[in-house]
Structures are given as C-alpha cells and as structure tokens.
Amino acid sequence: MGKHKAYLGVDVGSVSTNLVLIDPETDRVLTKLYLRTNGDPIGTVVKGMQKLAEAGEWEVVGVGTTGSGRQLAGVMLGADVVKNEITAHAVAALKHNPKVSTVIEIGGQDSKIILIRSGVVSDFAMNTICAAGTGSFLDQQAMRLGIDIRDFGRIALQARHPVRIAGRCTVFAESDMIHKQQLGHSIPDILAGLCEAMVRNYLSNVGKGKSIEPAVLFQGGVAANQGIRKALEKALGLEVEVPINYDVMGAFGAAVLAKERLQATGDKTRFGGFAVARSSFDSFSWECEDCPNNCEIVQIRRDGRPLACWGSRCGKHQVSSDSA
Amino acid sequence: MGLTVGIPRALFYYQHAPFWSTFFEGLGLETVESPHTNKEILDLGSARAVDGCCLPLKVFLGHVLHLADRGIDTIFVPKIVSIVRREYICPYFLGLPDFARHYLPNHVRILDPVVDKRRWSWQWARSFVRFGSDLASFRQAVRAFSKAQQRQRDWEAKQLIEGHELPKNAVLLLGHRYLIEDRFFSGSIFDSFSKSGFHLVMAHQLPEPVLRMYARRLQKRMFWTSGRQSLGAMEYVADHIVGVVTLASFACGTDSLVSDLIQRRARNAGVPNIVLHLDEHTGAAGTITRLEAFIDMLQRRRTS
Amino acid sequence: MKITFPHMGSLYIPVEALFQELGFEVVVPPPCTKRTLELGSRYSPEIACLPLKVMIGNYLEAAELGADTIAMIGGCGPCRLGYYAEVQRQILADLGSTLDMVVIETPLENPSRLARDAAKILGRGKLSRVPRALILAWEKLKACESLEKTALRVRPKEEKPGLTTRVLELALQKVRQAAAVRTVHKAVQEGIGELWAVQEKHGRQDPIIIGLVGEIYTVFEPFVNLRLEERLGHLGVEVARTISLVQWVKDHVFKGSIGLYRTTHLERSAEGFLSGFVGGHGLETIARSNELANCGAAGVVQILPFTCMPEVIAQAILPDVSRAKELPILSLVVDEHTGEAGFQTRIEAFVDLLSRKRREAYRGQTQSLFGSRCGFGQY
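Chains as they are written, first to last, in the numbering used here: chain A, 1 to 324; chain B, 325 to 628; chain C, 629 to 1007.
Rather than coming from a laboratory, the hints here were simulated on the basis of the structure. A virtual CB, placed ideally from N, CA and C, is assigned to each residue, including glycine. Do not rely on the hints blindly, as some may be mistaken.
Claimed, not checked - Here are some of the chain B residues that sit facing chain C, going by a computed Cβ distance under 10 Å:
(1) V405
(2) R589
(3) R591
Model the full assembly from the supplied sequences, consistent with the hints where possible.
Now the structure itself:
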C-alpha cells in the first residue's frame, strides 16, 4: 500500500497559489506548498501538482478549490468542492480554533474580515478599492528601503517610538514615509509606523463598523509579519493569534470543505489523479457573436481537448462543469 | 433649564449660523459649537462614515462625533429639505438626522426641526416655532424666531458686495458654501489669491433675486439650490470675470453634474476655469500647485 | 425621425412598442456591453455616476445605427437623475453630435413645456394612435415583468444552468414581436408555462429567499449589476425583487403626474430607521428591507452605483435594520471598476452565510414568498 490517504485543498489567488494535503482522520496538514502565481494560474497549479507528486505517495480522496481561480483549478483537478475564499477561510479558522469570533485575513492583493458567531459566519467585508491595506504595499515599501520582507517584522519589533505615518492612501503614505526618513527617524521606528498605518487602514477600510470580539485569528501571507500582529494587538487591545498554517488557511479550508462534502454525500472523489501534472492545459477565449450580448467565452483545454467552458449568459458552449 | 445644545460647525452652519445661535439664545438655551474643522475631526468622521458618502458629510459626522465625545448629549441637526420654493439641497440633507442618529450612542438626543420651503416658504416659521415651544414657551419661541430671522437677514445683507459693483479682475469662486467657507479646505485658495491681485467673488455675495433671474436662462430648471446659485452666478457675471474656480467634493452627486456644467459654460464663454476636486486624501500640496499654475496663467493673460 | 432611448433591462420592449405604435421609426440601442461603457465613460464627467455614463454609451451606439432623436425622462427630485437629460444634452452637443433630445418631464413641473415637447413628438405621429400605443406599451410592460418574476422563481430550481435565461429571452422576444394586446397575453401565458417547465421535477431543496433592494436602474439593468439576479439564481437563491416597474409607472406616472403619489406606506415601514423621503429609492430600500424581514426572507442584497446619494444614506442606515431584525444584509456598490471576481466571491460568501445560518436555525423550514402577506414575489 504505502500510499498516504489525504484530502487536497488548492487556493489559487492572484499573488500566490497554495496547495495543502490534510490527513483524513486528524485534519492535520501533511504537506503544504506556497507558490507565486505570477499571472499564470494554470501553470502554477500544474507545477504545484508536480511538486506534491514528488513529495510523496498520496492517494487523494477528495479535492476542494478556492480563491479567485477556484473555477479554473476546480476544472483542472476535478474538484469535489469549489468554494469562495471567505467561506474557506472561515471554515479553516473554525477548524483551528472552534471558539474564533473574528478572522482577520490580509493577503497580497486583498484583505478581508470575517465575523463568526456561534460557529457560523455572521458578517464579512472585503477591501474594495484601496491597496493600502494589503501585502503588496508592504512588499513595495520593504523593497524601497532595501529590506528583505522576511526581516520586516523582526526589525519593526525593535522600534522604540513608532513614527506616525499619515495618509490613508498608499501614495500619500509613501510620500509621508520618505519625508519621515529624511527627518532622520530610525528604520525600525519607520517600519513599526508603517505597520501601524497599515493596521489603521485595514481597520478603517475593511473593519469599518464591525464589532471585533475575541478570539481573533490573524491569517494570510502578511500574518508572518510580527510587526503587523503587534500593531493589531495594540490597536484592538486584544490578543491576536496567528495559526501555524496562517499562509495556507484558504487551501486548508477548501480541503476541509471537500472532506465534509464527501462524507455527507458518501460520493467518491472526482479527482483526475496526478496525471494532471503531466498534461498540458491551455485556455482560449473569444467573444461569442451569436447574439448581441457578445459574451466573453473562456474555454479550458486539456491536451487539446475542451475540458470546460464558461462565460455565456445563455448556457451555450457550456461543456459539463457542474461543480458547485 | 440647563440644556446645552451642541451645534456642529459643518454644512449649513456656514449659512444659517446667525439664525441658529440667536434662536437658541432667545429660547434661553446655551449652545456649544464644535471647533473649526481640523485633521482630527476629519479623521474621526471619515473613519466611521460609510464609504460612498461625500467629503462634507464625513466632516459633518466628525463634528457631530466630536461634540458627542465631549459629553454633549443634545445635538442640533436640522432636516433641511429645501430653503427655496421648488428646490432641494441634496438627498443627503433629507436623511441627515437619521444619518447622524445611526452613528451616535442612544443617549444622545438629536434636535431635528424640519426646514421645507418647497411648497410654502413660511413652513419653516411654523416648524421652528413648534420646535421652540417644545424647549421653551410658545411666546418665547415666536419672539426668538422673529429676532433670529432679523439677525439672519442683516447678516446676509452684509455678505453682498458693496455697491453691487464687481471688482476689477474678479475671479468667480463657485461651489457649496460649506466647502468654500470651511477654511480647512479653502484656506489655501484664499491665500493663493490674496497675493495675486485678483479678487475672489462668490455666489452668496451676489444678490439672490438676480441669481434666480439669470438661472432662468438654463434650458432646464436647476432644482438644487446651491447648483442653481452657482450656475446663475456664472450666467450673471460670465462676461465680467477673468476666471472661474470651482471647488467640488469627491463623491458629491450635485457637484459631479454642476461642476461639469460650469466648465462647459466657461469654455463656451472663453473664460479660463479650473475644477478642484477635494477628498480626504488630497494633500494641500497638489491643490496649491494646480491653483498656482492657474493663477500664473491668468496673470500672463492679463499682461499679454 | 428615428427615435432611440437609454436601456434599462427589458424596458426597451414596451418603450419600443410605444413609439412604434405612435408611428415612429425606432432604433433600439444594442444591448449594453463593455464597449457601451467605454464610449460612455470617455465622454462623461469622470465623477458622474455610472448610469449616466452607460446611457451616453447607449446614445452613441444608437446613433451609429442611424438614430437621430433621443427620448429621455426628466424630473425634479433631489436625485441626480432629474438633471441627467440636460447634462447629456450638453455632452452630446459639445461632441458635435446631431442627436436631438426630447425630455419627458412630469406634467406638474412645466405644463407648457410638456405640451410643446409632446407636440414635437406627436407632430409627426397621429394623435388618434395615442390611446392604442399607451395600452399596448402598458400591456407589454406588465408582460415583461411577469415573465421576469417567474424566471426569478424558476431559476434556482432549473435543471441546466442558463436554461431559464434562454427560455426567458425567447419569451421576451415573443412579447416584443406581438403587435396586439391579445398576442401579448398569449405570449406571456406560453412563456410562463415554458418557464415553469424548466424547473427540475424533484430533488433540490427549497431555495433560499433573498430580497433585492436598491437603486432602480442598477436593479433592472443586468449589465450594470453584473447579472446579479442570474448569479444569485445559479447559487440556488430565489430573488424577491422589491422594485416593480409596473408599480413605478402606476405611482409616478399615473398618480405622481397629478400629484397624488404619497409615500406614507413606505414611511410607516421605515419607521424608527428613516424619517422620510430622501430621493430616489432610498426610502424604499429601508422600508422594503424591513418588510422583507417580516416576510421571512433569509437576507437582503442592496445594489447601488458608487456615490448614489439616496442609496448611500440607506446604506449607512441598513446596519440598524440588520441588527434590529437579525437580517443579514449585503450592500454591493458598482462602478466601472467593479471586478467580477470579487463581486462573485462576495455573493457566494453571502449565500453560504445564509444557508449555513438556515441549517442552524430553521432546520429546513422555509416558506415561499408566494402569497405572502406583503406581496413580494406575487404577480
């Protein structure tokens, strides 16, 4: 036998693509992958599957996908569950800590807040327009200061008097930061100030009008940054917990959802096997001109054969992809 | 009576303050005004206010919250539906007391008399007397109202340009009065112009009946009072001014159309014009640079 | 004279019938697409709201097809819509377009002007045709609405995704082609029958019911609301539209034009949250959300264009309704930058929230709004 049974969760986001395998019995994360999407979700998923296949012998008993590329990944892999990232994150947080009331998720390109009351999502919000509350802003600033993003948090923690960086918008925050730097503030103080500015932005954009209650979980790529965590704790006056798998919580949630779904229905997985890693996928899009709606149709092909198709209003061109 | 009424220094404060303060004085009530708009008040408002709303509304909320934070538990937020027959201010004003109530703790009482002159211009007299009688006696309310009204009229008359004669090199400054007169936003404009040799003229310095008359030239009746005054002023003085500055607030529904109409009118009349959009992120720097460039251009035009 | 007009959902069907019956040539603008919006945004003031831009796009695309006159409604409410026509006229004039604009104002606003405009339109048409044209347009309006409302109920239970939309579109085209009241009625009857046949016979639990409130144009124009009703339907949601064009015409054209329209019933429903009319559909949004809670809807979705003044007031106050009635409410703001992915995620998460909540609380007990006392979902 030798093969390890596992549920696969895949989170395809615009910045990163994460894959996790969890143990069917204990829900423990067996292995996790954090890859850069680099604008090529199809290639990244294929690469991820290759790496998973290299990492061990797995028998995948269920697949869940999430993230903005969930539909695409779902079709490629034969997912049993295709779920939006808010639900996936909430489910993952609940699995980690059943008493969780607030989930703060800050990723590379978006950030969200999820409020959970008695084990059910009661409210949520996503950032709408502004990049100031997301990871890419920190990335940019770290790069400008010549600091490795991984050291960001550690350095910020050394601050003694965090500077106050004004501006609720990235552009103004940046110019104000340059100004503060020229005034001679130390790097740790500036970084800590940046963390506080970002937390302020987050709380006033995404967390506006939401009642944040303990226990608070902080997840998403930015949760690696201790400086942000500390700034959050300071602003909220609450303890903020960062789960071990903070960076792959979406994928973890998707795997859990797949497990729940299959156990409830008793169905077998639709997973297409690791052969995916050896296939070539491409996508093809055109504007349908059969009626004045001019829908944009996207077709996914595997080894040249159409696998799935979506985008039409009338249901035309739709090749079976009834994943829900 | 010991009741202290908080008056937020925002929105119609800038055009009805004399009336308001005299009225409450006449009722024997003490009033507290919030301080001039500052960064803290703006942040207070914009952190809480719903995303899509306009800058003045965020500022207003900041003032209201500031008063509440200071422990004032009676705040004056009139529901100003209309101040001129068949005209409106804007939808926000219709829901202003409800909007404020949503953000305030329950114990804070909002005084919200209705000003609605759409059909009957004396409606507000009845409304204020009724409202005043609840806080004091009927006689006091009547007396307070007439005194307040007199004070308001005198004050408005004093706003007009002396001799009804436009100064030379006049530049028309248009926009909502609560933006123009809030120096936190407009201060830099006045500063820039004070040194330039140009004179800023605003719609409220021109006689209202004349503005109304000139606004009739519009193909379609303008039903927002502020917009009608701006466009009326534009029609009235278009041939006698050297430039137009329009102050518009981001996300303001009326400004989005009115500022466009002003621009088109100015273009057709061949008058240089500039629209300055304000939002809470706008640093003074950006505005000043654009304004200075505009003033430079006006000066070059004058000399050439 | 070739008449055109802005799009708003299926409204083009009755409006086209109206003008055709009056004896005009009608150019229906092509359905709204990205190109419409691009054209519109290019020539509109940047900070104007989304509907204005899309409408400008409609006019320009119709002009390409040969239209020379635009029919547009006016109004003098506090909402911006009332001044759209004038701004649009100036935009087109400055563009050097030869499109003529006829603005239909409410009779109370300026009776002489209305008479003049009516004469301008009717001068070429025949006065005797007016009653017939009005009746046919009115019947078509009712027809479209009842077909769409049926589709909203059927879609969550459809057998194949997209089938309802296709059947609906065919039925609407039949209504469009009908030249007499009797054929309109026949088309509706058949259409409704075909729509019910789309429904899956068995299986599939009762759909979740979500009320739809918000600004009228965004509610009705599927391009602007990113086909919100279809998206919800595909997630197994029955949408209870709270705004009805038939009702709107009754209230604002029949009653409103002679000054008889009152909002007392709405004020009563919104009591404690909003004290009166705030322009547009702001008061409706609050009142209907409150009523939906009382009718047992699982949640409410509000849709509004960015910076829409009446709806922003409502958006600020909706959390109070949500809290008081324990009714989840999702506000969706659309503008030309709205991304489809985030939009879909939000809707899905909201539906997940509701279905999980339902599983917790009601354990399968639901009721259809059909025949409910407040009348949503009835036709």
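Against chain C, run the beta carbon of B/V405 and see if the smallest gap drops under 10 Å.
8 Å, holds
Would you check whether B/R591 satisfies its interface hint, that is, whether its CB is within less than 10 Å of any CB in chain C?
This hint holds: B/R591 lies near chain C, its Cβ roughly 8 Å from the closest one there, short of 10 Å.
Min Cβ distance, B/R589 to chain C: is it shorter than 10 Å?
Check passed: Cβ of B/R589 comes within 9 Å of chain C, closer than 10 Å.
Consistency with the previously given hints is maintained throughout, with no hint failing.
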